[in-house]
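Those protein sequence lines, which keep their order, are chains A and B.
Residue numbers are given in my numbering: position 36 of the first sequence equals residue 36, and the series is strictly consecutive.
Residue numbers are given in my numbering: position 121 of the second sequence equals residue 121, and the series is strictly consecutive.
I should point out that these hints are in silico values taken from the structure, not numbers from a laboratory.
Check the hints yourself; a few may be wrong.
Claimed, not checked - Restricting the straight-line Cα-Cα distance to at most 30 Å, the calculated cross-link-like pairs of lysine-lysine (DSSO-like) are:
#1 B/295 <-> A/16
#2 A/16 <-> B/547
#3 B/421 <-> A/28
#4 A/28 <-> B/269
#5 B/103 <-> B/69
#6 B/421 <-> B/449
#7 B/58 <-> B/78
#8 B/78 <-> A/28
#9 A/28 <-> B/103
#10 A/28 <-> B/266
#11 B/103 <-> A/16
#12 B/482 <-> B/460
#13 B/32 <-> B/48
What the hints assert, rightly or not - Covered, in the sense of this in silico footprint (three residues per stretch, anywhere, with C-beta under 8 Å from a C-beta of chain A), are these stretches of chain B:
#14 84–96
#15 158–164
#16 297–305
#17 393–407
#18 473–482
Stated by the list, open to error - Partner residues are not named here, just some residues of chain A that face chain B (Cβ under 10 Å, in silico):
#19 37
#20 41
#21 50
Just so you know, these numbers come straight off a predicted model, no measurement behind them.
Virtual Cβ for every residue (Gly too), placed ideally from N, Cα, C.
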Amino acid sequence: MAEEIKTEQIVEELEKMQYDPWLPFESKLVWGCLGLGIILLIILIWISYTFFPSSHG
Amino acid sequence: MAETGKKGVLNEDWLAFWLAIILFLVSLLAYKGIDVFGWIVKTNEWIKLEKAIEPVSKAYKGVSGEITKIEGNKLTIKTKDGKEQTVTVDDPTKYQVGQTYEKKGLSGFASLVLTYIFLTVILAIGAYLLGLNVGRFVVGFFFVFWLSYLCWLIGHYAYFAATDPKKYNISWSLKLTGEGGFIFALALGLIIGNFFRPFAQFLSEACRPEFYVKTAIGLMGGILGLKSAEAFGLASTILFTGLCAMIVAYLIYWASIYYMARRYFKFSKEWAAPLAAGISICGVSAAIAMGGAIKARPVVPIMVASLVVIFAVVELIILPFLAQIFLWKEPMVAGAWMGLTVKTDGAAFAAGAITDALIRAKTEAVTGIKYEEGWILMAATTVKLFIDIFISIWAFLMAYIWCTYIECKPGEKTSAQEIWKRLPKFVLAYFIGFVVTLLISAPHAPKVKATEEQIKLMEKDIKKIEAQLATTQDPNLQAQLKGKIEEIKAQIKAKKEEIKDSKKIVEQTQTAAAGTNALRLIFFLITFFTIGVISDFRKLWAEGIGKLAVVYLVGLFGFIIWIGLLISWIFFHGVKPPVVGQ
């Protein structure tokens, strides 16, 4: 269970963390997610306002 | 998800599913005329303690008073406090108008003790199935139940709860509604968890907020199915917003926090991916699922989860009050905002419940409008549940992406089976309850509601005509008005006849839902108390974890709050919950 972890252990693990370089694919992943998210949101908002106009106040 | 059943047959997730689904299915005996859970305790706002508790169903309550009307096998009784109550009797010929009627029922205290015993028995079985120490659980649960209930009872005291103090002949009230008891339970839990650590440790076996809240949500499906049948348009908007919430949480929140944690705070991939999942999707389950997907060491997501849980409690304490101050005119925006912003299931559902209570109380106090209970909570819950459902698919996709494009660790493979394994099962209980109740009540509830509204208008017309009749002396006009009254009365009778069968089904659904809803409230209540007990705030100011805290705070205040608010606003601005009595 999450609450069984002691604070000291977290601090120790964080201190042990090593440098991990940013990979080009991570850029693709992050910007791909954001771009897809924004496009899908626009589509859903358009569907909502176009086909269910009565549900918007 | 908290996988706590170390030696048990079930984990908490499955246990919550089975418990909720069994209680729901048993409650369906209402359609056979059996009110199985009518004896569960219900708490009312009170100024005199003896009026505070009673069984949830009228069938189990005692009634005494004068018979004022006999219609078929229904007697109308005028009780000592002047209220009218209808009771159904087998043989109405035994009674006469003017006679005194008395039926002994279950006392409030007996109902409370029975509720405690019932919960202790079913949860002790649950504790056994989880592989817990049943003896320690039962002892711990004794304190968890009674301390939580004490808070609930205090929360219903009219000086704290009443939205209309005049009703109780008092000059002021905090107007928190009875659900203010949740806040008291959380506060008491936090005091115990942070200042009485040995006692908190003593209670630990019974402090399982994730399990309690998952059971509560499983039980909520039934009552929300009935509400949705009555107001389908609003319910469908809420479901639609759930889809958007998934996109926001997984694609926008996650990507932004991952980027921030990696680029600006220099976290490794092993830390950044579960951290982003914990902060943006769901504290415990998403962090663990994501950790598993990228094959992080098990300790990393658990550490992340342990901190996110604490931060989520801070959100739970602050955000509902902000919503009450700034969003009380936009109740549904506030509900969806809680679901999109507060992380961890327990804290999000709890924040939805507090927001529901606070906003309804403020609206009633300021405008006199009384919103139906539960719609704001429904917005929060649905949004959060949609986010939860997608965790398994997201974890599957991330496992594939990580292995294919980032780094594939030995023994790592992705399979469709993983999706099922990671799917939160308690959600299934919610959906089964929701769909079954919706299917049963959808053909009837809207018809009954619409017809009853028409009948109310007709009854108002009758009153107007009667007032006119009292002032006129013209015999012709009197005859004409009397004829009109008779005509409307006949129409009302015909309408009542028309919806008789549908009304019976709706009433049976209400009976089934009332019992499980009363149990749901108790599960919610003990969730609040136990969240408090397990929240050790010392972690927040411990040295060395500042970096984690800063990522959370920047993520939360930098964009999670604002994007959540924007999306909730786009979908819900101007949308109000149904008003009581309309």
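Let's test the interface hint: is any C-beta of chain B closer than 10 Å to that of residue 50 of chain A? 12 Å, violated
Keeping to a limit of 30 Å between CA atoms, is the pair of residue 295 of chain B and residue 16 of chain A held or broken? Since the Cα atoms of residue 295 of chain B and residue 16 of chain A sit roughly 18 Å apart, the hinted pair holds (cutoff 30 Å).
Between the alpha carbons of residue 103 of chain B and residue 69 of chain B, is the straight-line distance 30 Å or under? Between residue 103 of chain B and residue 69 of chain B the Cα gap is close to 17 Å, so the pair holds against 30 Å.
According to a criterion of three or more residues whose C-beta lies within less than 8 Å of a C-beta of chain A, is the stretch 297–305 of chain B covered? holds (count 5)
Against chain B, is residue 37 of chain A within 10 Å by beta-carbon distance? 3 Å, holds
Hinted pair residue 421 of chain B and residue 28 of chain A, Cα distance within 30 Å: Since the Cα atoms of residue 421 of chain B and residue 28 of chain A sit roughly 29 Å apart, the hinted pair holds (cutoff 30 Å).
Compare the distance between the alpha carbons of residue 32 of chain B and residue 48 of chain B with 30 Å, and conclude whether the hinted pair is satisfied. 37 Å, violated
Is it true that the CA of residue 421 of chain B sits at most 30 Å from the CA of residue 449 of chain B? Between residue 421 of chain B and residue 449 of chain B the Cα gap is close to 42 Å, so the pair fails against 30 Å, i.e. violated.
Given hint residue 28 of chain A paired with residue 78 of chain B - CA-CA distance at most 30 Å: With a Cα-Cα distance of about 73 Å, the restraint between residue 78 of chain B and residue 28 of chain A is violated, given a limit of 30 Å.
Taking only the CA atoms, is the gap from residue 28 of chain A to residue 266 of chain B under or equal to 30 Å? With Cα atoms ~18 Å apart, residue 28 of chain A and residue 266 of chain B stay inside 30 Å; holds.
Given coverage of the stretch 158–164 of chain B by chain A, tested with a Cβ cutoff of 8 Å and a minimum of 3 residues: violated (count 0)
Regarding the pair residue 28 of chain A and residue 103 of chain B, is the alpha-carbon distance no greater than 30 Å? 72 Å, violated
Going down the numbered hints, you'll see the structure goes against 6, 8, 9, 11, 13, 14, 15, 18, 21, while the others check out.
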